[in-house]
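Engineer: Just so we're aligned, residue 15 is where the sequence shown starts under our numbering, counting upward by one.
Keep in mind that the hints are not guaranteed to be accurate.
[Unchecked claim] Within a straight-line C-alpha distance of at most 25 angstroms, the following computed DMTMM-like cross-link-like pairs (lysine to aspartate or glutamate) qualify:
#1 Lys125 - Asp147
#2 Lys128 - Asp39
#3 Lys125 - Asp97
#4 Lys125 - Asp107
#5 Lys128 - Asp155
#6 Lys120 - Asp97
#7 Lys128 - Asp93
These aren't lab readings, by the way, just hints derived from the structure by calculation.
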Amino acid sequence: PGPISLPQGEALMTSAPAFADFDRDGHLDIVNGNYYLGILTRTPIENAVDHWIGNNNMNFEARELTGIPGQTHTTLASDFNGDGTIDLMVGNDYAVPDTYYLGTAKGGFRKIQKQDGVIPITTQNTMSMDTADYNNDLRPDLYLANIGMSRGLDVV
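Construct all of the structure, not just a fragment, from the sequences and the given hints.
Structural biologist: Here it is in structure tokens:
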């Protein structure tokens, strides 16, 4: 077959895709992390909303992810809370905070709120994210990398 066009709403530039079976139906889904080009194009930041693109046997449907639109540089699909469902992390640049979602048993996401206490602190100007068991305690740890600032190094 040839290339397949995916729905992307009003997004101008997708810079950070993540792939996993988010809805647990046996088909690989996509999350498009969209970058805001408003400075160059005078496009409203609302057009940078990230999308979860569900794959129903190669029929694709876009759904907006709840959260603040921003300049997404990285997305990561990983079971970071160890409950057996794929979770999602969205790393944004500048003043827009990173957004974290827990995967649900029925397929889909629930946005983590600060009061949930799951993610106590995050970086600003996030460029990259990853998970691994850095300290060998059999639980995934989060690694967030951000752009350097003159005030020093941010480590989370």
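Engineer: If a hint holds in the structure, say so; if it does not, say that too.
Structural biologist: Structure-based check of all given hints:
no.: 1; hint: Lys125 - Asp147; result: holds (23 angstroms)
no.: 2; hint: Lys128 - Asp39; result: violated (30 angstroms)
no.: 3; hint: Lys125 - Asp97; result: holds (16 angstroms)
no.: 4; hint: Lys125 - Asp107; result: holds (19 angstroms)
no.: 5; hint: Lys128 - Asp155; result: holds (18 angstroms)
no.: 6; hint: Lys120 - Asp97; result: holds (13 angstroms)
no.: 7; hint: Lys128 - Asp93; result: holds (19 angstroms)
Violated hints amount to a single one, hint 2; each of the other numbered hints is respected by the structure.
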